[in-house]
Amino acid sequence: MSLRANSRQAPARMQPGDETLIPVQSRTREMLARWLPPIVAFVILIGAWTGYVRAFNVSRFLLPTPADVLTSLLDNHAELLIALQSTAQDAFLGLLLSIVIGVSLAIVMSQSRLLERAIFPYATLAQTIPIFAIAPLIDNAVGGGHTAIVLVALIIAVFPMIANTALGLSSVEQNQLNLFRMYNANRWQELIHLRLPFAVPYILTGIRVSSGLAIIGAIVGQVLLGNGGADGGGLGFEIQYAAHNGDYAWLFAAALIAALLGIVVFIVLGALGNLALRNWHESAVRQEN
Amino acid sequence: MSAVEDRAQPLGAAPGDVEPLVSLQSVSKAYANGTVALRSTSFTVAPGEFVSLVGPSGCGKSTILRIIAGLGPISAGEVRVDGLPPERARRERGDLAFVFQDATLLPWRTVLGNVELPLQLRGVPASQRRAQALETLETVGLAEFAREYPRQLSGGMKMRVSIARALAAKPSLLLMDEPFGALDEMTRGRLNVELLRIVALAGWTVLFVTHNVFEAVFLSSRVLVMSPRPGRIVADMPIDLPYPRDPAIRTGLEFNMIASRVLATLQEG
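Residue numbers (this note's numbering), protein chains in the order written: chain P, 1 to 289; chain B, 1 to 269.
Treat the hints with caution; some may be incorrect.
Here's a subset of chain P near chain B, in silico, CB distances under 8 Å, partners left out [said to hold, decoys possible]:
| hint | residue |
| --- | --- |
| 1 | S171 |
| 2 | N175 |
| 3 | Q176 |
| 4 | R181 |
| 5 | W188 |
| 6 | I192 |
| 7 | P197 |
| 8 | N245 |
| 9 | Y248 |
| 10 | G273 |
| 11 | L275 |
| 12 | N279 |
| 13 | S283 |
Hints listed in this document are in silico derivations from the structure and should not be mistaken for laboratory results.
Just so you know, these numbers come straight off a predicted model, no measurement behind them.
For each residue, glycine too, the CB sits at the ideal point set by N, CA and C.
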């Protein structure tokens, strides 16, 4: 039937000669437009910083120049790399735990109003409690070292996981829920086939926020509980040590490495998230106008 | 398609004293916020009928569908589906399918995955439901789009997938809530024809909500006209046009006279 053939609304295919209609986009230009602004901003910042220290003759002990920081970074790179590894490891474990615990708690809360009311206030507590107050308790309870530092990272990083996952699980459209009810889906099916997949973009956002917090949490844990030994010194201890000794170039070098770690993790997670969502979510699909 | 053909029967056949598939008796429905959506509504639908509910926006048409689907309680009266209270009918027979105004496809599933959903929720093994879903897609002429994701499809195509999903569940009663309301006139007309073809093939009983009188007349064996809120059935109008219906009748005199009669009734409300 011709009507059936007509109702196939496949996208129009290109025909010979259509190529000239496609807007020409220079790749180099696109790259320049993308990378030039941050590079220029970086050069201006470094220049202004160096200029300020030189012009006002600021003591190097109070504010080192970028060159001093770089020198310190190169001089101490072996020690800083070991510290970086330790911090990255603690932060990663803290993040992993906060994903598992955060998503699990959100799922439990999504299944029962009662449990949500019982749990949520204490989940908020993880966000608001001064970590300085409970760090010694954790230290006493688990005996310090990596375990204690991972726990601090977990406490600091877990809340966005809970909040984002819970929001995703409860944002499912009414008609989608009705559809599942129509087909007599049970709670488990509704969770696995509807709520959880719907919540994936929310969970990915949670992971990106929590990844930064886990790094901060690991560093704070190392500042508070790190012992400088092979077992859990990390960047936190480096920072504290450098601050104690007034070696601000070293301190800035350690902070710089921590920041770079955070940026790299953020970019990698963003790319992985786009890969996971590329088929269906607007956030991961590039639209042409 | 054998299981569908088992039930196939001539569309529009509504023998007088067959047990009704759906019956509403003096059904009223008020929401917690005080809105009275339905007041003392009664009608029946016999197996094999294609019944449309037409009425102004907010007259409770969609409420009726949700009640029959067992998705919400009623305030007074009695509803029976297959002789059972709607929620029990849904749970025990699993014989209902619902098509919503938005296609309600799961964006993270392919077309095939979406059509598989009702079978999957019913516990049909993976290979079997895949084969069944593919067969359904072939029936509606969508097989070549099986691997695409909903976001790549136009509104009309999404709705066809949504209808295919309902078809895959092999229901005997199909509830459609303004399924073509968001589509352009051309697409709507095409999908009307296609729907009649599928319904005849599957032997469905259909309850169809629309505010488009011409669509209602073209599709239905009977049109129920509703008054503005709180909704009541004000007229029960059989449409005496033989099935299968040629798309061309929509420009004919007889069709348009029936449509104007329905329209006039609707305006008297």
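Against the structure shown, which of the earlier numbered hints fail to hold, in ascending order? Hints 1, 5, 6, 8, 9, 10, 11 and 13 not satisfied by this model.
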